[in-house]
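Residue numbers (the UniProt record's numbering), protein chains in the order written: chain F, 1 to 156; chain Z, 1 to 156; chain R, 1 to 156; chain U, 1 to 156; chain C, 1 to 156; chain G, 1 to 156; chain Y, 1 to 156; chain X, 1 to 156; chain W, 1 to 156; chain L, 1 to 156.
Honestly, I wouldn't trust all of these hints.
Partial list, derived from the structure: chain Y residues whose beta carbon lies under 10 angstroms from chain C [what the hints assert, rightly or not]:
1) Ile6
2) Ser8
3) Ala11
4) Arg21
5) Asp66
6) Gln76
7) Asn78
8) Arg79
9) Ala80
10) Glu82
11) Gly116
12) Ala120
13) Ile121
14) Val152
15) Glu153
16) Ser154
Calculated directly from the structure, the hints in this document are not laboratory data.
Bear in mind the structure is a predicted one, so any value in this text is a computation, not a measurement.
For every residue, glycine included, the Cβ atom is placed at its ideal position computed from N, Cα and C.
Residue strings, one per chain:
10 protein chains.
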Amino acid sequence: MTLPQIISKQAAGAAIDEVRRKSGLSWDAVSELIGRPPVWTAAAVLGMHALPPAEAERLGDALGLDAALVDALTRQPNRAAEADLSTDPTIYRFHELVQVYGPALKALIHDRFGDGIMSAINCSISLDRVAHPDGDRVVITIDGKFLPYAWVESGV
Amino acid sequence: MTLPQIISKQAAGAAIDEVRRKSGLSWDAVSELIGRPPVWTAAAVLGMHALPPAEAERLGDALGLDAALVDALTRQPNRAAEADLSTDPTIYRFHELVQVYGPALKALIHDRFGDGIMSAINCSISLDRVAHPDGDRVVITIDGKFLPYAWVESGV
Amino acid sequence: MTLPQIISKQAAGAAIDEVRRKSGLSWDAVSELIGRPPVWTAAAVLGMHALPPAEAERLGDALGLDAALVDALTRQPNRAAEADLSTDPTIYRFHELVQVYGPALKALIHDRFGDGIMSAINCSISLDRVAHPDGDRVVITIDGKFLPYAWVESGV
Amino acid sequence: MTLPQIISKQAAGAAIDEVRRKSGLSWDAVSELIGRPPVWTAAAVLGMHALPPAEAERLGDALGLDAALVDALTRQPNRAAEADLSTDPTIYRFHELVQVYGPALKALIHDRFGDGIMSAINCSISLDRVAHPDGDRVVITIDGKFLPYAWVESGV
Amino acid sequence: MTLPQIISKQAAGAAIDEVRRKSGLSWDAVSELIGRPPVWTAAAVLGMHALPPAEAERLGDALGLDAALVDALTRQPNRAAEADLSTDPTIYRFHELVQVYGPALKALIHDRFGDGIMSAINCSISLDRVAHPDGDRVVITIDGKFLPYAWVESGV
Amino acid sequence: MTLPQIISKQAAGAAIDEVRRKSGLSWDAVSELIGRPPVWTAAAVLGMHALPPAEAERLGDALGLDAALVDALTRQPNRAAEADLSTDPTIYRFHELVQVYGPALKALIHDRFGDGIMSAINCSISLDRVAHPDGDRVVITIDGKFLPYAWVESGV
Amino acid sequence: MTLPQIISKQAAGAAIDEVRRKSGLSWDAVSELIGRPPVWTAAAVLGMHALPPAEAERLGDALGLDAALVDALTRQPNRAAEADLSTDPTIYRFHELVQVYGPALKALIHDRFGDGIMSAINCSISLDRVAHPDGDRVVITIDGKFLPYAWVESGV
Amino acid sequence: MTLPQIISKQAAGAAIDEVRRKSGLSWDAVSELIGRPPVWTAAAVLGMHALPPAEAERLGDALGLDAALVDALTRQPNRAAEADLSTDPTIYRFHELVQVYGPALKALIHDRFGDGIMSAINCSISLDRVAHPDGDRVVITIDGKFLPYAWVESGV
Amino acid sequence: MTLPQIISKQAAGAAIDEVRRKSGLSWDAVSELIGRPPVWTAAAVLGMHALPPAEAERLGDALGLDAALVDALTRQPNRAAEADLSTDPTIYRFHELVQVYGPALKALIHDRFGDGIMSAINCSISLDRVAHPDGDRVVITIDGKFLPYAWVESGV
Amino acid sequence: MTLPQIISKQAAGAAIDEVRRKSGLSWDAVSELIGRPPVWTAAAVLGMHALPPAEAERLGDALGLDAALVDALTRQPNRAAEADLSTDPTIYRFHELVQVYGPALKALIHDRFGDGIMSAINCSISLDRVAHPDGDRVVITIDGKFLPYAWVESGV
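The following block holds chain F by itself, in its conformation from the complex (with noise of 0.2 angstroms):
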């Protein structure tokens, strides 16, 4: 047989950052280099956004990556949830957040918004290191498109 090559975008992520760390590039270095921001950066090539073809190869030829990887990075991605990934300990502490505060973020939306939700797909995230004088700390900020419960109907 002879399949067209098939890498998963996820075992494809973990090829190219292991190219990335070798070739001593930072995220920061990458996300510059394709011109996006940092995080979403990361996402998409550790498989959970699709890279358009001129980012995809402009990343390709400054770590001298495979063409299948360089493919890979252009797929449309199944964004599905990796179970254990979410009990890694970095990982595992933004779940406890939502844990602790998600029941006061979804009174505050509803008391200041209405009801309705904050979204995930219009959304975008930040991380910053701010110097703080007991230990620097790591700012993440969520900026998403409240949503309210809308019963609309396109009158098909």
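Once you've looked at the hints, dock chains Z, R, U, C, G, Y, X, W and L against the given chain F.
Chains Z, R, U, C, G, Y, X, W and L alone, transformed into the frame defined by chain F:
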């Protein structure tokens, strides 16, 4: 049996929330009343933090709460997950963001800070409404201390 | 203790449904009574949406409901999943359709609209009975706004 | 060992999808090519239905598919759930709709048809793009035969 | 609050079963009393089907049931799974048979009928005791309509 | 390493099924070929029973199977559940029937036989196609020995 | 409502166990009192078997039990798993033994008896205290009938 | 890469079991060959204990095993659960016995020994075939040291 | 019904903890009061160990506890897991440490002691506060007997 | 494709452990070799921490490791849980201790330190063998920084 009256912090939170709603007091007003940030305030009232007695009583006076409810506000919480809450659409979106962007956030933390986590304990969260021509936005800022993996021995 | 009377929205919904059944009022009649589409009406009464006070009272009058039930209808819902309900045969068939056709729907959405989702918040659903020689059919129309993945920053 | 070459229907579907993408053929074009509705077509190619040999070969010719892939298209599927797919954001929204509106749909079916279900087997689904001033909409129509609970004995 | 008295169908079933046992009435006698097949009868009384009011009253009279129990018998059931019941040894054996022989039954259905399912809605079940020299046997006959996968559109 | 060639019974079953399908042999024909009932035959070939060597070879000759596949047919099976298979729609309907009617079957067994179970080990299953004016029916007969709870001691 | 008083077998078991403890009666004494082996006796009282009325009354007299508790002892049990009990350290060790040695026991059963199981229905269990210089030992003997896989048809 | 050849203990166990079966050696014969009790022997070969090198080689010689398999027999095992194995009918019956009789065994241990457990580490298991007029029986003896809860401090 | 009053050990523990908090008695004071180590004391009061009657009464006197609570302290515990507690952030960190360091601890135990476990039954735990210039530290010492895997037969 | 060679940290850890075992090097010797505490060393080699390149090479030289293995030692780990490992008896005992004593440890931490957690990130663990007349003991010391819940804002 004359067991001491114990109402769970969560049941107390639901009851107080209902009194609050009928009294017309917004969460922001409650926040001002006790002099605490809004997300912390809502989390505490809903059962995830303990209020100092003075603040609990100030809130109890304002809302005309029963002593058992005021007392519940001051108890040390068990902050365990209530599994089903995580599927409420407003709360689920936050977990989905961690699913989609968690590995990217982890990559950036390791790149900019080194191996470690953002603390979920030494951490504050704010939620703002920001006007935007395409629809107002929910802006959540998570601000946690970076904790590097450190193999410290106390020298007992 | 004289805690405020709180009946959960779901328990209230079950109680109202039972009164409704005995009163002989169909869901369509309830829908007309409060001037809302049938699927929204049933969802709201069963606990998944909040009725405005005026509509809740109109329904309370028609069915002779207790004030606590009318009040429950107006509360902000927690829309979390009740796991076991998903195995009721009538409801399970919908989940099975998503299992079998979900990847195909995702493929078509991405093909015709681009990378994104159909909103479950800005969305209406109708259910019709359509006569057919081989047996009448249930026709469900789900009509949701397309939301493209968009990395918008509010410029705080 | 010279075991017969067996590629799973799902792996075959992923491979064909990739060839399709690179060939520039939309799912609608594939649908026309084999003369089947779009949702059925995408579901079948991705592994949830069996294509008749003639249709499988027509598709194979158009895309230049290997014989093993053409053969996989004709096999009887196992339609079991792949658990993680249900958390992809595009697919998850459908499950969330069933979570929020499932009991309402069940109530209306029982009210308008009697005790029974909408068949997930005798069922068709279409997906349309409908223009709307506030943003185009995804309109999904699920059209399934009503099956009343019936205690039929075949009189063996 | 004077909420309408609602006893769940399942709790009602357990209570009626206990009255039945003490009255000395076998399930076969109950089946004859209401003129329904035994498996359907036991399923309905235990909460999985609704009895028509006349049958519910006939049963109520025979067992001296409270009006609330008679009423519960007539309500539309939620037929969701109770997870733990599936581990009762008598019930578990049925699930184990599906585990061991399910793929074989699926293969034979597809071979003899084509692609489709045996309906669990248009279906009857009987249970017989058959004498056998090595020990009497439980013979269960499941008799369900074959439903072929059919992509029918109602032509709305 | 020259480890002995071991193909799992299940992988072997899938491979043999594919050869069978292409050879045009129905499961009934395989059943006749080895002189075993159809459900047992399909279950055994798909990996849930061991075939005696003579029967395995007769089948291997008829289908032109590799020795490794013939050998796999004769191995003692591990009959453990494959979780996802239980969600295939054709198989799921059987589990749903146990969910809906399991407690009723248990009640009737206890009523007619006493406290005990229907054996899933001393048990046969047949599947028939029965013509019916409203559509042919799948009739499955499960025929298992009744086993009363018995506290027997072997007197070691 | 005047529903018949129903206390679950398990709640009844916990209540009787508490009376037993305070009365100073050991489980062995209860076993002798009703003339049944100790493991069966404890299992029955705790809710896993039904006591014949005469034995239930003898126990009720000895412990001064309420009629509702005596009655509960005579009801047919639902023997479903209580998930959390399996993590009690004393009970967990038994599950761990099955985890570690289950495949070995299966291998030996198949080797010495042929393909089949040890019955969990036609089975007795005893527990003995055996003195040993390194610490007394718990010796549990499980004595179950071998049941060979047998495809028996009752010839209905 | 020339990584050291590592075959998992479990895969090694399955391969050795297959060689053993074809060689006609029973588990009892293997047990005698290495001078270990049968249950321990089967558990060790299937991957749950480490064989001392001398015993592993004696077995390797008798069965003509590859060096990699002999080596795997001597490695320290990970004894973690394989979830699906617990649903094999022969193994499941043991878990079911713990489900039904676990609380009774716990009650008797506490009654006869005090608060504690039967060790699953200092423990031996034997399996015997005992003739019985109603069918031979599997008699399993579990013989574990009683461990009382003891709050011992080593006085570091 | 006049069932004996039974309050679960856990509910009793929560009630006693609340009395303790209001009385101003620290856990260390309770520990001294009954003459037991602090971790054991807190575990016992919260429901995981049984207090001897004399200690339970001393505690009951000091706190003015109801007889039912004193009695609950003396009952044999069921030590089963409460699943949700494991997600409380303070408790979760301990599980995370086992996740991250468990395999390393297992490797060192096997290296230094041989194949076996650290007993969770013959085990003591202490918790100390140790001053440290960068912030005080929690030092937990777990001190358990090593138990080698030993195939001991009691020679019944 | 010439993808960069990537071996997972865990697979690398298993391979190195096997080389280590055959080389006769104890974990303590490895610990000395790289100048790190034993628990940290074993955790790092088994995949839970990254070794600095110099240490990785020193270990690679001592054991004659392939470059790919040495490289794997230096990669940033994903520390996610491997679910099944938690049921290995040696590791499970640690989880059981948290189950039984976790709430007590939480109570003491809150009593002696205030509301907060013991850090699992700023934390060291040691394991010692301590002689004891009744059998040597495993003494594990967990030494983590106390982190009080603190609502710190970085003042961005």
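Comparing the hints with the structure gives:
| no. | hint | in the structure |
| --- | --- | --- |
| 1 | Ile6 | holds (6 angstroms) |
| 2 | Ser8 | holds (9 angstroms) |
| 3 | Ala11 | violated (13 angstroms) |
| 4 | Arg21 | violated (27 angstroms) |
| 5 | Asp66 | violated (16 angstroms) |
| 6 | Gln76 | holds (8 angstroms) |
| 7 | Asn78 | holds (5 angstroms) |
| 8 | Arg79 | holds (5 angstroms) |
| 9 | Ala80 | holds (4 angstroms) |
| 10 | Glu82 | holds (7 angstroms) |
| 11 | Gly116 | violated (13 angstroms) |
| 12 | Ala120 | holds (7 angstroms) |
| 13 | Ile121 | holds (7 angstroms) |
| 14 | Val152 | holds (7 angstroms) |
| 15 | Glu153 | holds (9 angstroms) |
| 16 | Ser154 | holds (4 angstroms) |
Figure legend: structure checked against the earlier numbered hints; hints not met, in rising order: 3, 4, 5 and 11.
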